[in-house]
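Chemist: Residue-level listing of the chains:
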Amino acid sequence: MSVMASRTLGPVGAVMVMGGGVGGIQASLELAGLGYKVYLVDSSPSIGGVMGMLDKTFPTNECSMCILSPKMVEVASDENIEVITLADVLGVEGEEGDFRVRLRLRPRYVDVDKCTGCGDCSEKCPARIPDPYNAKLSETRCIRVPFPQAVPGAALIDPDTCRWITKGKCGNCAKACQAGAVDFGQREREETLRVGAVIAAPGYRPFDASRKTEYGYGVHANVVTSLEFERILAANGPTLGRVVRPSDGREVRKLAFIQCVGSRDVTVGNGYCSGVCCMYATKQALMAKEHLSSIEPTIFFIDMRAHGKDFEKYYNDAASRHGVRYLRGLVSGIRERQRTKNLLLRFLDADGRMREEEFDMVVLSIGLEAPLDMSEVLEIKTNQYGFAASDSFVPIRSSREGVLVCGAAQEPKDIPDTVTQATAAAGLASQRLHCARGSLLTRREHPPERDVGGEEPRVGVIICRCGSNIGGFLDVPAVVDYAAGLPGVAFAAERIYACSQDAQEWIRQAVQEHGLNRLVVASCTPRTHQPLFRETLRSAGINKYLFEMANIREHCSWVHMREPEKATRKAKHLVRMAVEKARRLEPLEEGESAVVPRGLVMGGGVAGMNATLSLAGAGFPVYLVEKEEELGGLARNIRFNAAGGDVRAYLEDLIRRVEGEELITVLKGHRVKDISGFVGQFKTLVEDKQGRETLLEHGAVIVATGGGQYQPSEYLYGSDVRVLTQWELEERLAEEDPSLRELKRVVMIQCVGSRDEERPYCSKVCCTEAVKNALALKRLSPSADVYLLYRDIRTYGLREDLYREAREAGVVFARFADGEQPEVLERRGNLRVKVKDADLGGEPVGLEPDLVILSTGITANPDNAYLAPLLKVPCNAEGFFLEAHMKLRPVDFATDGVFLCGLAHAPKSIEESVTQALAAAARAESVLCRDKVVAEGVVAVVDEERCSGCGMCVRLCPFEAVTYDGEKKVAAVNTSLCKGCGTCAAACTAGASRLQGFRSDQILSQIEAAAAAWRD
Amino acid sequence: MKSFSFYPGCSQLSSAREYGVSALEVSQKLGLRLNALRGWNCCGASSAHMTNHLLSLALPARNLALAKKTGDDLVVVCAACYHNLRSARARILEDGSLAARVEGILGADPRFEGRIVHLLDAVVEEVGLERLRDMVSRPLEKLRPVSYYGCLMARPREMMDADDPDNPRRMDHLLAALGAEVRPWSYKTDCCGGSLSLTRRDVVAELVNRLFEAAEEAGANCMVTACPMCLANLEMRQSEARLRFKRRHDLPVFFFTELMGLALGLEDCEEWFSRHLVDPRPLLSPYTRA
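As they're listed, the protein sequences go chains A and B.
Last residue of the first sequence? That's 1016 in our numbering, and every number before it is there in order.
Last residue of the second sequence? That's 290 in our numbering, and every number before it is there in order.
A couple of the hints might just be wrong.
What the hints assert, rightly or not - Cut-off 20 Å, straight-line C-alpha distance, at most; resulting in silico cross-link-like pairs (EDC-like, lysine to aspartate or glutamate):
hint, chain 1, residue 1, chain 2, residue 2
1, A, K71, A, D414
2, A, K932, A, E445
3, A, K341, B, E270
4, A, K668, A, D863
5, A, K341, B, E217
6, B, K69, B, E141
7, A, K341, B, E113
8, B, K29, B, E217
9, B, K68, B, D95
10, A, K341, B, E216
11, A, K114, A, D183
12, A, K341, B, D190
Note that these hints are calculated values from the structure, not bench results.
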C-alpha cells in the first residue's frame, strides 16, 4: 500500500539520507538498488563517518577503511546517489510521500567537479590546523583532502584559518591548482529537496572525556580517548601505527583501558550503556599487542558486555590466549608522576583492597552521546538522553511518519546493527514509496557496441600526470614516447588528470577518431577508477572489458619519489605490461537471467512474518512456509518486551495481517524438502505432514527459521516445581497468579545453558529478561526479596536504565565467578541455593527461596543443519547460520539471493529480529524488483574438453557458483553467481577453468613483457 | 571595586594568625574592600556536626543572617569555614521548614542569597591577575610551589563551584602572577587527613607523606595552601611521616596570602613566617634580605 500524499502525482520517488557514516552509506546503496533517487547529506566534507576513522573493527579485526571504502566508491559511482557534503539540514516540512527538506550548504571554496584530489594545493598552503580526521593529534593544512579515501575526493578550505578568506593574503592554492578548482567566490546558500521519505543516520557525538575530571583528560599528556588511540593505532595515523605515548614518544608497555567513561553514569547525565566499548577496548588491546608484543594491556571494567555474535569468543580468547588482563573494578582517579609522566591508577581489586598501579598510558573508553538538534530539525521526539524516541517493536520508526532513524542516533550500537537498521529503513521506506519506484532514476544511455572481432588490436594509451603526483616524480613525456613505440599501440598521449570530467570526453573522442579498440590508462588504482574508465570506453562504443590499467602512482611515483630515473623506467615497464595484456583482451559479455518476482520465507515466527509482510507491502507475492501448525515461533512464550510492550497483542496483530494479506500464501505444517536453482530462479519443494509435495518457484529466499530455548536439567529443574524458567515466570506474572504475591524470596540464576562448554556464546536477551521480570515481581510484591545471581549483567544500550531501576527497587545482584556456578538443593522440603559471592571474596552465601528462576539461553534450531546444505549456505560452530560478512553484510549470505534474519542468525531480542527481518526483506526486494539479474563479465568459464570432472573447483567455490554436470561429467559455472574471484581457475590443474579477462596467456604475456623490458 | 562582607573565622585569630593578618594586609594593599561582619561567631566547622545537627546549622546560619543584613557578597578566608557556610546555606535554601526552624532559633533570617566567595576567587575576579602582576615588586622567581587546595574547596562538586574539582587552577594562576615557577601535580585536592589529625596520626602520616613525596617528585620546594587545617596538619605531621616512613621532607608550607604579601613588598611578612612550624625563612632569604 503506497502512500498517496499529494493530490496530484503520488509519492516522490526519492529519499533523503541524513548522515554519511556507514549507516547512511548502507541506506543509500540499498535505496538506489531498490530504484529510488537518493540525496546523501553530510555535514562534514566527506562521507565515511566514525567508521572511516577506525583502524580495525571487532570481532574480525579487519581494517575498517578497507571494508568501508569499496562502499564509499560504490556511492560515488552510483549516478542515482547525489552526495551533498558540508550541508546541514535546517528543517523537514510536509509529510510522508512529499517532504521538503531545507538544507544549508556551506562553501567548500573548491569546485568538486574540477578537483581531482591530487593534493598539489595542500603542498603550497602555509596555514595549519589540528586535523579532525586524526582526532586533532596532528596537524594538516588549511586546504586539504580530508583523508585519502574521501568521497567526494576533493579538497576543502577551512574558512577560519585561510589567509585569503580572512585577510586577503596568500592564495597559493589557487595558483598551484592545475585544474583551476579553487573557488573563493563560493558562498553559503540554501537549497530545498523534495523527497518521499527521510532516513536519519546522523551517528553520535563522542563523550567529552574532560567532563570526568578525575581522569585528567586534557591535563595528563598520556591519558587519551579511545578515538585518539584508534588513530594512534592506524597505519595512516599521527604516529604511523606505532604505539607510542604523547608525552615523550616512547613505546608503551603498561597500557590501561578504563571502561564506561561517560556511560552508565548518572552524574554526567548518561545513565545508559554505550554498548560497544567493552568490545572496542578488547579490540584495541589486541591490536596494540599486535603492533608491539611487549605491551601489557589491562582493561578496568564493571560488566563485560560481549553480547553480540561471536563476541564472547573474542573476549575469552583475548583473556586466555592473547594476554589481555581484565580487572573488574573501575578506577577512582588518575594521578600523574611528574618525572616520568606515567599514570598512577587507584582502584579496588577483586578482594576489595585499595590498590594503586602505575601505567605508561591510559585509554578512556568514551561513550556515545546522541547527536544534537535532531528533535528540532526533524521534528521527532527524543528520549531523555536525546536519542530518537522509537516504537518498541520497530525501533527504526520515529515519532513522525516517513522519518526513519537508524544507527547510534536511535540508540548506541555497533556497525552490524547499524547496517541492519539502515537496510531495514530502506526497505520500510520502499514499502511506502514503491509505486514511485524508478520514477526519478537516471540511466546512462550508450551508443551500440561496435563489434571488434577480427580486428587487429589498436591500443590507446593515456598517461596521467595526476597533477604533480605522477608528473612531478617521473618523466611523463618519456613514458608517452615509449608507449607510442610499443607494438599494437595506435595512440599515446598524456593528460594532467585522466579522471576529470572533460578528460572522459576527450578519451571518448580519441577512441572514435583513431579507431581504437583497446584502452590502457596509466594512472592510479583500478580499485577506485576502473569503473569510471570502463564506462568511458563503453560510451565510445567499445566493450568495457577491453580496458586495462597500469598503476604508476601507488605502485610507482608515490613509492619512488626520490628516484625519478628509476621511477620513469618502472613506469615504462608497467605500461608495457598493460599494453601486452590489453592486446590479448577479448570482449566479455554480461550474462542475464530472468527473475521470478516472488519471495519465499522459511519460518513463520516474528522475523519470518515481518519479512513476509514487508515484501508483500512492497508489492511482491510471498510464500510463507512454517513447519508448525501455528504461526508465531518462540515469541508465543513471551508476554512483554523490555519496554513493557504487549508481545502477545503484537503477535496476534502480525498473524492477522499475514493471514489477511492477499499476496501472502501461508503454508503451515510444511517442511522444506529440497531447494534447487539460483538467484532469480529458485525452486523449493515443500512437504506437509501427509507427505504431499508442492513445488514453489521464487526469485529470493529469506531464512527465518528461528531458534530454540535451552531445556535445563540442572538446578533441579524438572524435578522440583519451584524451579522455573523466566518464560514460565512471565506467564504467571502476566496471568497475575495470586501465589506470586505471597512470595518472600526469589532467586534468579543467569547464564543457564549459555557461556558454557557446549554453548560458549552469550544469549544476549536473558539479562534484560531477568531484570524486567525482577522488577515486575517487586511491583507485585514489594516486600519480597529478589536475588539475581549473575556473571556479567548485559543490559546493553538503553536497557541499562532497567538495571538501575531494579537496583533502586531493592533487587539484590550477586556475582559468581565462571566455574563457581551456584548450587540448588532441596533440604527438608525447602529449596536451598548456595553461591560464592565473588565480590565478597568468594564468601559462601546461603539462600532459602520460595522460587528459583532460571534464565535459560537461546539455542540454534537443529533444522539449520539439514537446511544449510540445501540452501548452499554455511553454519557456524554453534549451529547458527553464518552470514556473508559479519560487519557489513549481516543479512546476506555469500550465496546470492538467500537472506537471513532473526534467531536463525543469532540470539537477539524481538525488536532486533523485527529490524533484521525488515532488512532481509529489503535485500530480497532488491533482487525481486529487477526484471533480470545481470552477471559480471569477468567470470570463470570451463573448457569442457579439458575438464576431467575432478570436482575440485566445485568444492572450492565460495559462492556455490560451480556445479557438477552429471550428464556431461564436467564442471559448469553459473555466471549469475560467479564473482570472478579466480579461485577455481587457479586451482584447476588441467587448465580447463579460466577466468575471463585474467587468462593464463594474458597474465603470462605481462610477465614476459616485464622480463623483456628489464633486459632492454 | 565593590565591597564585600568578610567572615574571618576562628583560626585566623589564633592558630592561623599569619593567614588572618596576611589576608587582611594583602587585601588592603590590593584595594579589596572587606568589611568584617560585626559580631560574627564560630562557624562550627570543626566539631559542631558531630555534636548536634541543628547546632551545626544554626552556628553558620547566624553568620549568614549577619551577611544578609549587609546586602553584600561574603568573602571567606578559611577553606573549612567556606565549605561549612556554603553547605549550611544550601540546606537552608532548599528546605523551607528547616530554614524556618533556624530562623526561630536565631531571631533573624538566615536565607542569604548573595555569593559566598573564597578570598582566592575574590582576588582573581575582582582584582584580576593582570593587575596583580603589575603590582608585584618582588617576583618570587626562585620559588617552585605546588598548589594544595585541599578537599574542602573542591567537593562536593555541585556545591563548591570550583573551576575543576580535580585540577583547580586559580591558585596556580595566582602564584604564577607573583612570578613563581608553579609546578604541576595531581594531588591538588587529595585529602591530607586533617580531620583525623588528632585521633589517627598513623593515617595522617601516610597521607601527608604521600603528598610530600608527590610534591618533591614534582620538583617543588614548597607547598601553598588556602586551608588553615591543612597547613597545620601538613606542618605538624611531617615529623610523624619521617618517623614512620624514614623520609625527611622539611618542605615549607605557606598560605597563599603570605606569598602575596611577600611579592607585593609588604613589610610585615617576616613576622608571619616566623610563626611556621617548618621554618620557611631559609627558602625565602633571597627575598627578605632585600
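Chemist: Against this structure, judge whether each hint is valid.
Modeler: Structure-based check of all given hints:
Proximity of K71 (chain A) to D414 (chain A) is assessed by CA-CA distance (about 18 Å); at most 20 Å being required, the pair is judged to hold. Distance check on the hinted pair: K932 (chain A) and E445 (chain A) sit about 18 Å apart at the alpha-carbon level, within 20 Å; holds. As the CA atoms of K341 (chain A) and E270 (chain B) are separated by approximately 37 Å, the hinted pair breaks the 20 Å bound. Distance check on the hinted pair: K668 (chain A) and D863 (chain A) sit about 16 Å apart at the alpha-carbon level, within 20 Å; holds.
With a CA separation close to 11 Å, the supplied pair K341 (chain A) and E217 (chain B) stays within the 20 Å bound. Restraint check for K69 (chain B) and E141 (chain B): the C-alpha separation of about 43 Å exceeds 20 Å, so the hint is violated. The hinted pair formed by K341 (chain A) and E113 (chain B) fails the criterion: a straight-line CA distance of about 43 Å is larger than 20 Å. Note on K29 (chain B) and E217 (chain B): the hinted pairing is violated, with a Cα-Cα distance of about 35 Å set against a maximum of 20 Å.
Taking the CA atoms of K68 (chain B) and D95 (chain B), the gap is about 18 Å. The hint holds against a cut of 20 Å. This hinted pair checks out: K341 (chain A) and E216 (chain B) have alpha carbons roughly 14 Å apart, not beyond 20 Å. For a cut-off of 20 Å, the pair hint linking K114 (chain A) to D183 (chain A) stands: about 10 Å separates their Cα positions. Restraint check: the Cα-Cα separation between K341 (chain A) and D190 (chain B) comes to about 18 Å, which is no more than 20 Å; the hinted pair holds.
Of the numbered hints stated above, those contradicted by the structure are hints 3, 6, 7 and 8, listed in ascending order.
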